[in-house]
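Sequence order for the protein chains is A and B.
Every letter in the first sequence is one number past the one before it in this note's numbering, and letter 80, counting from 1, is 80.
Every letter in the second sequence is one number past the one before it in this note's numbering, and letter 46, counting from 1, is 46.
Be aware that one or more of the hints could be misleading.
DSS-like, lysine-lysine: derived pairs with alpha carbons at most 25 Å apart [what the hints assert, rightly or not]:
| no. | chain 1 | residue 1 | chain 2 | residue 2 |
| --- | --- | --- | --- | --- |
| 1 | A | 36 | B | 52 |
| 2 | A | 52 | A | 71 |
| 3 | B | 77 | B | 52 |
| 4 | B | 77 | A | 41 |
| 5 | A | 41 | A | 71 |
| 6 | A | 44 | B | 49 |
| 7 | B | 60 | A | 9 |
| 8 | B | 49 | A | 41 |
A few chain B residues that don't get close to chain A, going by computed Cβ distances all over 10 Å [what the hints assert, rightly or not]:
| no. | residue |
| --- | --- |
| 9 | 16 |
| 10 | 38 |
| 11 | 49 |
Beta-carbon label-pair distances, calculated as ranges [claimed, not checked]:
| no. | chain 1 | residue 1 | chain 2 | residue 2 | range |
| --- | --- | --- | --- | --- | --- |
| 12 | B | 83 | A | 41 | 15 to 21 Å |
| 13 | B | 53 | A | 67 | 36 to 42 Å |
| 14 | B | 26 | A | 62 | 40 to 46 Å |
| 15 | A | 62 | B | 13 | 24 to 30 Å |
| 16 | B | 42 | A | 60 | 21 to 27 Å |
| 17 | A | 83 | B | 63 | 40 to 46 Å |
| 18 | A | 82 | B | 28 | 33 to 39 Å |
| 19 | A | 39 | B | 81 | 34 to 40 Å |
| 20 | B | 16 | A | 84 | 17 to 23 Å |
| 21 | A | 57 | B | 58 | 33 to 39 Å |
| 22 | A | 3 | B | 60 | 17 to 23 Å |
| 23 | B | 18 | A | 84 | 27 to 33 Å |
Simulated from the structure, these hints should not be mistaken for lab results.
Where is the CB? At the ideal position from N, CA and C, for every residue including glycine.
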Amino acid sequence: DTAVSQTPKYLVTQMGNDKSIKCEQNLGHDTMYWYKQDSKKFLKIMFSYNNKELIINETVPNRFSPKSPDKAHLNLHINSLELGDSAVYFCASSQGRGVEQYFGPGTRLTVT
Amino acid sequence: GDSVTQMEGPVTLSEEAFLTINCTYTATGYPSLFWYVQYPGEGLQLLLKATKADDKGSNKGFEATYRKETTSFHLEKGSVQVSDSAVYFCALSDNTGNQFYFGTGTSLTVIP
Numbered sequence: 001d002t003a004v005s006q007t008p009k010y011l012v013t014q015m016g017n018d019k020s021i022k023c024e025q026n027l028g029h030d031t032m033y034w035y036k037q038d039s040k041k042f043l044k045i046m047f048s049y050n051n052k053e054l055i056i057n058e059t060v061p062n063r064f065s066p067k068s069p070d071k072a073h074l075n076l077h078i079n080s081l082e083l084g085d086s087a088v089y090f091c092a093s094s095q096g097r098g099v100e101q102y103f104g105p106g107t108r109l110t111v112t
Numbered sequence: 001g002d003s004v005t006q007m008e009g010p011v012t013l014s015e016e017a018f019l020t021i022n023c024t025y026t027a028t029g030y031p032s033l034f035w036y037v038q039y040p041g042e043g044l045q046l047l048l049k050a051t052k053a054d055d056k057g058s059n060k061g062f063e064a065t066y067r068k069e070t071t072s073f074h075l076e077k078g079s080v081q082v083s084d085s086a087v088y089f090c091a092l093s094d095n096t097g098n099q100f101y102f103g104t105g106t107s108l109t110v111i112p
C-alpha cells in the first residue's frame, strides 16, 4: 500500500493555465507538507498543514494555494502557471512536527 | 537562522570504497538531524536520524553521529555498492519543530 501518493505523476501544461496536484496519505499523520525541487535537486518547503491548519507558508507567489479538506489530503492549486514553475513537487507527511517526514513519489510539472 | 551545509557533489566511488558525506549545521537549541536518500525518479526516503547529541543513527550499513561540539552529522558507509547510487540530503528540524531545513543534496555514483 502506498503511504503517500500524489497525482498526477507527470503534468505538462502551457503558460497561463491553472492546474492542481493532489496528495493523500494513509499513515494517519496529522501534518502534511508541499516541497518544490528544482533541476539542481534543491529542495524548498512551500507549505505545511497541521490538523488542517496552515503552519508554514514560505515566501511563494500567491498563485500557489494549498487546500486541506481533511487531515489525509493536501492539494496544491497553481494559477496562471509560469515557465519558472517547472519543477518536481513533493508532498510529505509526518506525525507531529519536527520529526521524520514521509515523502510521496513526486509530480514533475513542465510548463511550456 | 538555522541551516544545513553539506558537501557538494557529485561524488564518484568504486564499489566497496569507503563513503563520507560531510554535513554541518547551524541551529539554536537542540535540533533533530536526519539523512534522507533519493533514488532516481523517486521521492525522498528517511535513511537515518538522531535526536540528541552523541546519538548515532544507523541503517543499511550507513551511520551518522550527532556531534554537538563540531555541529556535524557526517554520513559514512564502510563499503558502498552500486545500488547506493542516489542523492543524499542532510536535514535539520529546529527547536520548535516548526521548520525543517534540507541541505543542497550530494549526488553519489558508485561504479562497479
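Right, here's what the structure says about each hint:
no., hint, in the structure
1, A/36 with B/52, "violated (29 Å)"
2, A/52 with A/71, "holds (6 Å)"
3, B/77 with B/52, "holds (21 Å)"
4, B/77 with A/41, "holds (22 Å)"
5, A/41 with A/71, "violated (28 Å)"
6, A/44 with B/49, "holds (20 Å)"
7, B/60 with A/9, "violated (28 Å)"
8, B/49 with A/41, "holds (21 Å)"
9, 16, "holds (26 Å)"
10, 38, "violated (8 Å)"
11, 49, "violated (6 Å)"
12, B/83 with A/41: 15 to 21 Å, "holds (19 Å)"
13, B/53 with A/67: 36 to 42 Å, "holds (40 Å)"
14, B/26 with A/62: 40 to 46 Å, "violated (30 Å)"
15, A/62 with B/13: 24 to 30 Å, "violated (44 Å)"
16, B/42 with A/60: 21 to 27 Å, "holds (24 Å)"
17, A/83 with B/63: 40 to 46 Å, "holds (42 Å)"
18, A/82 with B/28: 33 to 39 Å, "holds (36 Å)"
19, A/39 with B/81: 34 to 40 Å, "violated (27 Å)"
20, B/16 with A/84: 17 to 23 Å, "violated (42 Å)"
21, A/57 with B/58: 33 to 39 Å, "holds (35 Å)"
22, A/3 with B/60: 17 to 23 Å, "holds (19 Å)"
23, B/18 with A/84: 27 to 33 Å, "violated (40 Å)"
In summary, the structure is inconsistent with hints 1, 5, 7, 10, 11, 14, 15, 19, 20 and 23 from the numbered list given earlier, while agreeing with the others.
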